[in-house]
Amino acid sequence: MTTEHIVVVGGGMVAHRFTEAMRARDTEGRFSVEVLAEEPRAPYDRVALTSYFQGRTPEDLQLGDPALWQDPLVTLHRDSRATAVDRDRRIVTVEGGREVAYDHLVLATGSYAWAPPTPGADLPGVFMYRTVDDVAALRGWVEERRAELGRPVRGAVIGGGLLGLEAAGALQSLGARSTVIQFADRLMNLQVDEGGGEALKRLIERMGVTVRCSTATQEIRAGKDGHVGSLLFADGGEQLVDVVVFATGVRPRDELGATSGLETGARGGVVVDDTCLTADPAVSAIGEVACIQGACLGLIAPGNTMAEIAVDRLLGGASTFPGADMATKLKLLGVDVASFGDAFATTPGALEMVYADPVNGVYKKLVLTDDAKTLLGGVLVGDASAYASLRPMVGAELPGDPAAWILPEGSVEKGEIELPDDAGVCSCNNVSAGSIRGAVTDHDCHDLGAVKACTKAGTSCGSCLPLVKKIMGTELEKAGIEVSNALCEHFALSRAQLFNAIKVAEVTTFSEVIERFGTGRGCDICKPTVGSILASLYNAHVLGGDRAALQDTNDRVMANMQKDGTYSVVPRVPGGEILPEHLILIGQIAQDYGLYTKITGGQRIDMFGARLEQLPQIWKRLVDAGMESGHAYGKSLRTVKSCVGSTWCRYGVQDSVGMAIALELRYRGLRSPHKLKLGVSGCARECAEARGKDVGVIATDKGWNVYVGGNGGFTPVHAQLLVEDVSDDDVFRVIDRYLMYYIRTADRLQRTAPWQQEHEGGLDRIREIVVDDSLGLGEELDAHMARHIDSYEDEWKAVLNDPVRLRQFASFVNAPEQPDPTLAYVEQRGQRRPATPAERENAPVLIAPTTLEVRS
Amino acid sequence: MTAVSATASSTATRVCTLADLTPELGVAALVGGEQVAIFLLADGSVHCVQNLDPFSGASVISRGITGSRGDVPTIASPIYKQVFSLLDGTCLVTMDKEPKEGRAPDLAVHRVHLDNGVVFIDLAGGA
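Chains as they are written, first to last, in the numbering used here: chain G, 1178 to 2033; chain Y, 6 to 132.
Chain Y extracted, bound-state conformation (with noise of 0.2 Å):
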């Protein structure tokens, strides 16, 4: 989701600058011994999801490519290419696969907050 927030909540993790991060290029993160991924778009918005891509089982989610699918910012797992939503996590584009065992299609939202330009991840805060 895009980070809005001024100060961060008292369960949010530090996880880099603003300065670390690339715009359309994704960074992974460990937030309490998750794997999370980041995103920095090009019209400033940052967002947070899970690592782990439910279709293949790799932690990998952050390497994939951005995009769109009309107006939803888009991330596409680098390894069997589905699509997801980076707004709520949603699977937009199945590729006719079937989750691992057990993983629901969807990807989890986590929380971002920005506080002069250090990103804090909320693990406890959903989408």
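Next up, chain G with everything else stripped away, as it sits in the complex (with noise of 0.2 Å):
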């Protein structure tokens, strides 16, 4: 069999998933797929695009697992924008004359941002918003602008639509000031109704933004400085701005149809079947360049879907386009928006079911049959939580009163909704929820995570995963799947349970714990687990009473293992600032022990290699010069990173050294689920990485920005702004509030991040819980946090003092001085390091550790 090859126009999300289901679905390597991508980089999440503002790079935005692209049937070239289709011959040539032959043709050549023709349009400081250098060019032009005016920039955005929010969302985000100049009475005014578009405009303006809507642009003036400068209205209105940026829609690219003959629609598109098929056998068009059923369609989820009836049809499948749905669930500048259905009830005889609470700025619309019954389409401005359940249910009867879907929460019960198995969940990826119900009980799916890759469920833009989330687990318990999660054998409770089991009844030994909440004699699993929970509680010696016995691994002699069994020792630099004489004996001690010596990631020094019997003496040189533990070896706060701030630093704007070591000296010695890494950088050029770190703290000129839940790690992930422009005290009552909150209900080993990330509500929700204080807990926390730092003591300087703690330092109980004779070292970069297996069979080259020159 020869291999057919696929020529894809474009390098959008459509052309990605066009190319990831071929390559999924064609297990027999028919075909070969060679995508010309005009832009200079691999498909990107485009409807992720606003998000690259909030500190994210390009690379964040990658579609899908990039291997895709490493594979030997796909070629991926870049820069190369096709010019011409010849059908006849069946080439299409690249910009530069390259001509590429086709078996089969896909046009995903997509859309571009449409502007009316306004005089103007062409000055420096008029953006288009649509690709990411679209977006690095308005990120740099704001933020030199700000520079060189020295105040805030002043922003406009043409348009009120979705893409004109995200645009204002983003301008907010750089600093900018904005205005959004709609052409409409309403924003949004193709997916909400009036009532919605007001409910949205006193929620946006609440942002800060400003809404003009009624009005056309007449022209864009130019400032004194030959850069854009105001921009004049019809009614006469003029308004002073240093950057525009157009949001006004997009048409379809369909240029190459066009010129090839094929058919375009009245409103422009390549014109295609119900297949994506056009006039020509051998040419497809799918995305938004393709007009189906009489439409372009600019969404992703329809274009996803012709992605895949493309991919089936040249399979030899029989499935076709089933229509759009055009639902939509966004989150714009915070504030959440959904439409879907028949929204503006066309329907005859249609009812609509509006409730509206403008002081709270929440809007909600049913609209249902003339009977008050079948669910046909809904508006959800302010609190969008309902869509989920909602959107699916489209023409079918909604069980019980609906009202209880739109009323505050609580004022009606709900009925329970059994979606139907063809009911679409993910609109995105087309999944629906008999797919999901057949990854839990065909393919033993029993957590999201595993749903999640098994059916591509809830992995482009997520709102469906409460969804998701409920429907696994109704069917987990229909097959008497119990979802436990109990810490072991031992603790039928989850941590948070035990922690929160534990705190009631005042406990403070492991064998009260476990004859009360247990049963057994503990293990590896819950002993340190009820350990960090005692030590959080109580702040007592991790030594102390019987809890030797509960540490970890590292805990329990206070410095962390290495492969060998040797240690290693990490004093406490806060803030990464370190006086001479402590680096001076630090070298000293690694030279009087033959200590390996690096630079950690958290800017202090690690010594390696000291064995268990010579920690004691290691640490008695560092507290009798002032130092204390690092707690390098705890689930606990490690360090707080910063740059040099503004005692040093050109740019600083604030100390941030002064922050970090506050910080560090604030939270040392707190015991958490996992360990806590915070950051302070003094401006925003974030030389402190903080934004990685599970707290990040960045310095404004008006005070700081707190970030929460960045984890460096197996799975990367960028803290975000919990709140904005805060003073000292306030960053240290808020971070008091979120680690407190955290160490009592995350699990075991949770970091920040996935902890935040499946918090019911997610960041909103633990910002309502540790700023405005929702639940009440408040005082409480605060007041625990209080007791932790009055408590602190330096847990190295304790054991020194108590000699029953010393006799755990033994080497051998029956040799107590005696070093482990099984240990060996190679010297390595004036530097020694264990010696591997095949080292040691080398003798003369190892350096035993009985001949190391050791002071007393």
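Wrong hints could be hidden among the right ones.
Stated by the list, open to error - Here are the simulated SDA-like cross-link-like pairs (lysine to any residue), alpha carbons at most 25 Å apart as the crow flies:
| hint | chain 1 | residue 1 | chain 2 | residue 2 |
| --- | --- | --- | --- | --- |
| 1 | Y | K86 | G | A1669 |
| 2 | G | K1740 | Y | K102 |
| 3 | Y | K102 | G | E2016 |
| 4 | Y | K86 | G | R2010 |
| 5 | G | K1974 | Y | D25 |
| 6 | Y | K105 | G | P2014 |
| 7 | Y | K102 | G | Q1927 |
| 8 | Y | K86 | G | G1889 |
| 9 | G | K1647 | G | E1595 |
| 10 | Y | K86 | G | A2012 |
| 11 | Y | K105 | G | R1788 |
| 12 | Y | K86 | G | Q1927 |
As the list claims (entries may be wrong) - Examples of chain Y residues toward chain G, derived with CB under 10 Å:
| hint | residue |
| --- | --- |
| 13 | L26 |
| 14 | G69 |
| 15 | T71 |
| 16 | A81 |
| 17 | K105 |
Simulated from the structure, these hints should not be mistaken for lab results. Yeah, the Cβ is synthetic: ideal placement off N, Cα and C, and Gly gets one too.
Mind assembling these two chains? They're in different frames, but the hints should get you there.
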């Protein structure tokens, strides 16, 4: 069988989906795929473009597994704009003249951003909002103008649709003021009705964005410097601006179709049938460029559906386009907006049921059939939590009183929804309720991660995840599979439940804890967990009482065990600021004990190769010189990394080192479900990489921004903004509560990023709890942290003063000072490291530990 | 294995007293040049296994966490967390790892004798 060659023109999200689906389904390798992308990068997540302003890089927008482009049957050409198609010869010409032959051609050229012809639209400072390059140029311009002008940049967005509000949000996050200028009488007029538009306007104005509806822009005028300077409106009004963004809609890029003689629709787009095929059986069109069932569709979900249909047809399948689901749910400027089904009640006899709360900025409308039973559509503004459940119910009868879905939670009992198997749950990836049930029952997916991986549901925009979770839970329950969050065989409770139980019962020893809440003797899972909870709750010494036997490997001797059973030693260096005499002492100790030294990622110094029995001697010298434990071994606060800040740096706006030291001394010794790392940057340049930390504090000219839930490690995540422009005191208060709330409610070994993601209601809910004190927990969390701070003691100093605990540092019970005879080292780059098994055979190169010169 | 022998056999070595042991906290000992790990459990039983961790090659078993799997008292390696029975040394949880080349996954178990509060270890007698 010969391989047929498919050429995809266009390198957007739909081209990516087509290629991915083809490689996933064409298991026999019948087709090779060549993608011609105009942009200089692989397809990226254009829907998430605005997130680029929250400090993300183009790489963060990557779509799917990049290994797709390494597949031998896939070729990706970047910077390759197709200029012509010769359908007779089946050849695509690429800019520069290169010709590419195809057996089948897929047009996936998408749209271009369209701007109404306006005088001055070509002035410097006027931007479109479509590609990463547009967005990067916009960011560069705003930052440059702010520096030049020395005041906040004045921005205007022309267009008050979905993209316009995205752009306004982007300007806000760049610190520019923004005004949205909308030609229609309300915002998002294609998705929401008048009431929804009003609610949206009020909410968005609360965010500091000015909104002008029913306004036509007549001209863009230059300022004295030749850059964009003002907008002149048709009603005679004028507004001063430093940057203008056009978000006035898109038009299909159908020129390749048109010039090669394919039919185009009345409003543009290459006309295709329900299988995405043009009149030429060797040419398909998918995504925004396709005019399907008489219209071009500017959303990702129908684009992905078209890509799947085209792949299916090429592989011999018979699926056809089911009609577009134009349902939308988004978060714009922090405001939830959703619209689905017949949102404008155009169905004859349709009833509208509306709930509006102008004070809280909530507007909800259901469109129902004339008997008020069957759901036809709806609009949700301000609170779109019902969207995931309601959207798949369009066309079905709502159980119970429909008003329950729009009235405030709890006022009327909601009917139980049982979705039919063919109801779509994830519209981005076209996953039905039945597929999710199948993943649970036939493919043994018993947690959300497994269901996502198996079905792809919720992997694009994520708005359906609550529903996916619910369907999965119901299915697991039906199958009699218990979703266990038990810690281990000794405790049926989760860590958070156990934390609460211990706190309420006020028990302080493991034997009491296991007697009251568990069974058996415990194990290496529950013992360290209980040890950590007791430490978080009472802050008593980790090696005191019966607790030494609970501690995990490192905590047990308060040092980090290495592969050969020796330890590394890390004294605290708060904020990375260190006295020269402490540097000298560390160097002296390392020399005396032959320790390998390395700078850590947390701005301190690690000394490797210390034996168990040497730890007290080493720590005595550190403690005598005024240094203390760095808790590098604990599931606890590690370091607060900082840049040098305003005390030395030419750009720093706040004393980041001072803040970092204050934070590190405040939270030192705080035991938590996993390690905690903080960072403080003295200006927006963010040299301390604070957004990669559990808590990142970044200076602004008005105070500090606090970001939370960042992680490096296996799954890197940037921290999200919790509060803005707050004072030193508020930084402490907010972080106190955030950390304490995390410590109380997270799972065992769950870091802040996944905790925050999986917390019901996400970061918004956490913000309500720790900033707005919606649960009334604030005082208790504050008091708990205050107890921690007041009761802090250096745990190494305490051990050095306690002969009983010191006995645990003997190498052998019958030879307390004798080194482990199996240790062996070789020299490398002037220091020693553990010998490999091969090197052990070659005795002469070894350095035995006993030969080390040790000063007592 | 649990210590019950009243008198030490001729091959046993005196290692320490019971008072030197803390419940649930292991200690290492040198017996005839070999490293062993000794555990006094909360129920008063004393167990002895090899100190060498077959999965890492380091002599660290004495510094692991004691516990139970079902009714079997266990010790978990402090390095890669494999779990071993303290009764017969069987590796109960491998953590999807293989032991270091040429080593068995299970621990050798040594006979413990208690005599008037003194702990003797007998390398000759296995479990």
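Next on the checklist: Let me make sure I understand: some of the numbered hints might not hold for this structure. Which ones are they, in numerical order?
Outcome noted: Result: no hint breaks.
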